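With these hints in hand, go ahead and build the complete structure from the sequences.
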Amino acid sequence: KQEVTQIPAALSVPEGENLVLNCSFTDSAIYNLQWFRQDPGKGLTSLLLIQSSQREQTSGRLNASLDKSSGRSTLYIAASQPGDSATYLCAVGGISGGYNKLIFGAGTRLAVHP
Amino acid sequence: DAGITQSPRYKITETGRQVTLMCHQTWSHSYMFWYRQDLGHGLRLIYYSAAADITDKGEVPDGYVVSRSKTENFPLTLESATRSQTSVYFCASSESPAYGYTFGSGTRLTVV
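Protein chains in written order, with the working numbering: chain A, 583 to 696; chain B, 19 to 130.
Treat the hints as calculated values from the structure; they're not laboratory data. Predicted model, so just to flag it, every value in this text is computed and none were measured. Fair warning: there could be bad hints in the mix.
[As the list claims (entries may be wrong)] Derived contacts from chain A toward chain B, CB cut-off under 10 Å, selection only:
#: 1; residue: Ile-589
#: 2; residue: Pro-590
#: 3; residue: Ala-592
#: 4; residue: Leu-593
#: 5; residue: Gly-625
#: 6; residue: Leu-626
#: 7; residue: Gln-633
#: 8; residue: Tyr-681
[Stated by the list, open to error] A short list of chain B residues far from chain A (calculated; beta carbon distances all over 12 Å):
#: 9; residue: Thr-31
#: 10; residue: Thr-44
#: 11; residue: His-59
#: 12; residue: Asp-80
#: 13; residue: Ser-112
#: 14; residue: Ser-114
#: 15; residue: Val-129
[Claimed, not checked] Which residues of chain A face chain B? A few of them, derived with a C-beta cut under 10 Å, are:
#: 16; residue: Val-595
#: 17; residue: Tyr-613
#: 18; residue: Gln-616
#: 19; residue: Thr-627
#: 20; residue: Lys-683
#: 21; residue: Ile-685
Cβ coordinates follow ideal geometry from the N, Cα and C atoms, glycine included.
Here you go:
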């Protein structure tokens, strides 16, 4: 059974720091991996999607890498801003019965203070 | 408006009552999903669907019923609500397994 772990569970940093959020998964037979952002009381916003054949994806100040063989992904946030404060969720996609089902980690709660 | 919408946004219901949460998407995505989010458990899959009239159970399906008579709608029904079903419910859709998911804004359900 696929299990997804995110470390750290919470992070508080001053504005301007470069950050690394970690995601690990137990079964390397994944289809893709998706990073989401969730603001308090809100839904999930997709940040980056990495297919199993890819090594990384970039969007603005965000860069996500994937090492499928070691069961790891990292989300790198450059020059953090207070507006980046949110919970970041990693979700691993695995094909079963024709569906790509996402298994989520518990998230990393990020606070960026001015 | 284009996108995926859930209704109601908030709902309070009594134990034993039937309640239906609605999910509507405008993209004609084939795949739709229902998740619940709870402290200590994260997001867990309740039911999913690959097309109209095709549904399957996820990780925590007990006490829930789904239907998908039209591609764009995927309602979730709690047949007899229990306090343990107090949660935030998210609907999601996807064009195909190769693409990511898009989530709705969620329904916060409280069962008293």
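The hints, checked one at a time:
1. Taken as an interface hint, Ile-589(A) does not check out: its beta carbon lies about 14 Å from the nearest beta carbon of chain B, beyond 10 Å.
2. The closest approach between the C-beta of Pro-590(A) and any C-beta of chain B is roughly 15 Å, which is over the 10 Å cut-off, so the hint fails.
3. Among the interface hints, the one on Ala-592(A) is violated; its C-beta lies about 14 Å from the nearest C-beta in chain B, farther than the 10 Å criterion.
4. Nearest Cβ of chain B to the Cβ of Leu-593(A): about 17 Å, over the 10 Å cut. The hint is violated.
5. With a least beta-carbon distance of about 4 Å to chain B, the hint placing Gly-625(A) at the interface is held under the 10 Å criterion.
6. Satisfaction of the interface hint for Leu-626(A) is found here, the shortest Cβ-Cβ separation to chain B being roughly 4 Å, below the 10 Å cut-off.
7. Hint status for Gln-633(A): holds, given a least beta-carbon distance of 7 Å to chain B, under 10 Å.
8. A cut of 10 Å between beta carbons decides the hint on Tyr-681(A): the least distance to chain B is about 6 Å, and the hint holds.
9. Chain A leaves Thr-31(B) outside its interface by the beta-carbon criterion, the shortest separation being 20 Å against a cut-off of 12 Å.
10. Consistency note on Thr-44(B): stated as away from chain A, and its beta-carbon is indeed over 12 Å from all of that chain's, at 16 Å minimum.
11. The beta carbon of His-59(B) sits about 8 Å from the closest Cβ of chain A, which is not more than 12 Å, so the claim that it is off the interface is violated.
12. The non-interface label for Asp-80(B) is consistent with chain A: the shortest C-beta to C-beta separation is roughly 18 Å, beyond 12 Å.
13. Its beta-carbon lying about 7 Å from the closest one in chain A, Ser-112(B) breaks the requirement of being farther than 12 Å from that chain.
14. With a closest Cβ-Cβ approach of about 8 Å to chain A, Ser-114(B) is found to fall inside the 12 Å limit, against its non-interface label.
15. Taking the minimum C-beta to C-beta distance to chain A, about 19 Å, the non-interface status of Val-129(B) holds against the 12 Å cut.
16. Interface restraint check: Val-595(A) against chain B, minimum CB-CB distance 23 Å, threshold 10 Å, status violated.
17. The restraint placing Tyr-613(A) at the interface with chain B holds, with a minimum CB-CB distance near 6 Å, inside the 10 Å limit.
18. Of the supplied interface hints, the one on Gln-616(A) holds, with its beta-carbon coming within about 5 Å of a beta-carbon of chain B, less than 10 Å.
19. With its C-beta approaching chain B no nearer than about 8 Å, Thr-627(A) sits inside the 10 Å limit, and its interface hint holds.
20. Satisfaction of the interface hint for Lys-683(A) is found here, the shortest Cβ-Cβ separation to chain B being roughly 6 Å, below the 10 Å cut-off.
21. Of the supplied interface hints, the one on Ile-685(A) holds, with its beta-carbon coming within about 8 Å of a beta-carbon of chain B, less than 10 Å.
Consistency note: the structure conflicts with the earlier hints numbered 1, 2, 3, 4, 11, 13, 14, 16.
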